[in-house]
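> Chains as they are written, first to last, in my numbering: chain A, 14 to 128; chain B, 22 to 137.
None of these hints come from the bench; they were simulated from the model.
Bear in mind that the values here come from a model prediction, so they are computed numbers and not experimental data.
Be aware that one or more of the hints could be misleading.
A partial selection of chain A residues facing chain B, derived with a Cβ cut-off under 10 angstroms [stated by the list, open to error]:
hint, residue
1, GLN15
2, GLN19
3, PRO20
4, TYR49
5, LEU57
6, GLN58
7, PHE59
8, LYS62
9, PHE76
10, LEU95
11, ARG107
12, LYS115
13, ILE116
14, GLY119
15, GLY121
16, ARG123
Even glycine gets a Cβ: it sits at the ideal position worked out from N, Cα and C.
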Amino acid sequence: AQSVAQPEDQVNVAEGNPLTVKCTYSVSGNPYLFWYVQYPNRGLQFLLKYITGDNLVKGSYGFEAEFNKSQTSFHLKKPSALVSDSALYFCAVRDPYSSASKIIFGSGTRLSIRP
Amino acid sequence: GAGVSQSPSNKVTEKGKDVELRCDPISGHTALYWYRQRLGQGLEFLIYFQGNSAPDKSGLPSDRFSAERTGESVSTLTIQRTQQEDSAVYLCASSSGLAGDTDTQYFGPGTRLTVL
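Build the full structure now, drawing on both the sequences and the hints.
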């Protein structure tokens, strides 16, 4: 069965510093991996996805994520954090070879950027 | 349509009443998902539709919850005899549902349900 874990409930970073939000997954084959962001009082927005190819995926708002197959991880990163990045971030995984499979979301990590 | 829409955006109801929440997916998307998000919490999967059938309804918390989809389009989530613990934001998402597709989900703005 597929699963995804976000080990940190909260990440606190000073503005201008690099940030990392961690995600690990478990799936039988090669996964499809996603990051979504939820700003306060708003719906979830798609940020980026990994399907195949280059392990470093670039997404919206300057975010990127690195797929690491050996560590089964897909950590979200940004070189220089902004206060406006403060939001709830969700990692998600899908097994593309499982019929009628659904995307599984992690429990979310609240990112707080202090000025 | 341009995006996933949900109605109503807010619903306040009294304990014991029934409510219906509506989701209009992106046109052509065959997969549709319902989630529940309690205040400050993560996403709780409720049900997944592929076309008009629901291959996975494992997340429905009780028999008070039901959902249907017609015409491979609109879906309604019905909660009967609402309880205060049903208070949450109910999110709908749709995706292409095509085999082998990346199946990126696109979310609606949600319906905020408050049960008094």
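> The hint names GLN58(A) as touching chain B; please verify it with the least Cβ-Cβ distance against 10 angstroms.
This hint holds: GLN58(A) lies near chain B, its Cβ roughly 7 angstroms from the closest one there, short of 10 angstroms.
> Let's test the interface hint: is any C-beta of chain B closer than 10 angstroms to that of ARG107(A)?
holds, 6 angstroms
> Is the interface hint satisfied for PHE76(A)? The criterion is a beta-carbon contact with chain B at less than 10 angstroms.
violated, 15 angstroms
> Regarding the hint that GLY121(A) lies at the interface with chain B, is the smallest CB-CB distance below 10 angstroms?
At 4 angstroms from the nearest chain B Cβ, GLY121(A) passes the 10 angstroms test, so the hint holds.
> Let's test the interface hint: is any C-beta of chain B closer than 10 angstroms to that of GLN15(A)?
violated, 12 angstroms
> Does PRO20(A) pass the interface check with chain B, least Cβ-Cβ distance below 10 angstroms?
violated, 13 angstroms
> Does the interface hint hold: is LEU95(A) within less than 10 angstroms of chain B, judged Cβ to Cβ?
LEU95(A) check fails; min Cβ-Cβ to chain B is 22 angstroms, beyond 10 angstroms.
> Is the interface hint satisfied for GLY119(A)? The criterion is a beta-carbon contact with chain B at less than 10 angstroms.
This interface hint holds because 7 angstroms falls under the 10 angstroms limit.
> Let's test the interface hint: is any C-beta of chain B closer than 10 angstroms to that of GLN19(A)?
Check passed: Cβ of GLN19(A) comes within 8 angstroms of chain B, closer than 10 angstroms.
> Grab the minimum C-beta distance from ARG123(A) to chain B and call the hint holds if it beats 10 angstroms, violated otherwise.
This hint holds: ARG123(A) lies near chain B, its Cβ roughly 8 angstroms from the closest one there, short of 10 angstroms.
> Does ILE116(A) meet its interface restraint, that is, does its C-beta lie within less than 10 angstroms of any C-beta in chain B?
This interface hint holds because 6 angstroms falls under the 10 angstroms limit.
> Mind checking the CB of TYR49(A) against every CB in chain B and telling me if the closest is under 10 angstroms?
Because about 8 angstroms separates TYR49(A) from the closest Cβ in chain B, which is inside the 10 angstroms limit, the hint holds.
Hint compliance for this structure: hints 1, 3, 9, 10 are not met, and every other hint is.
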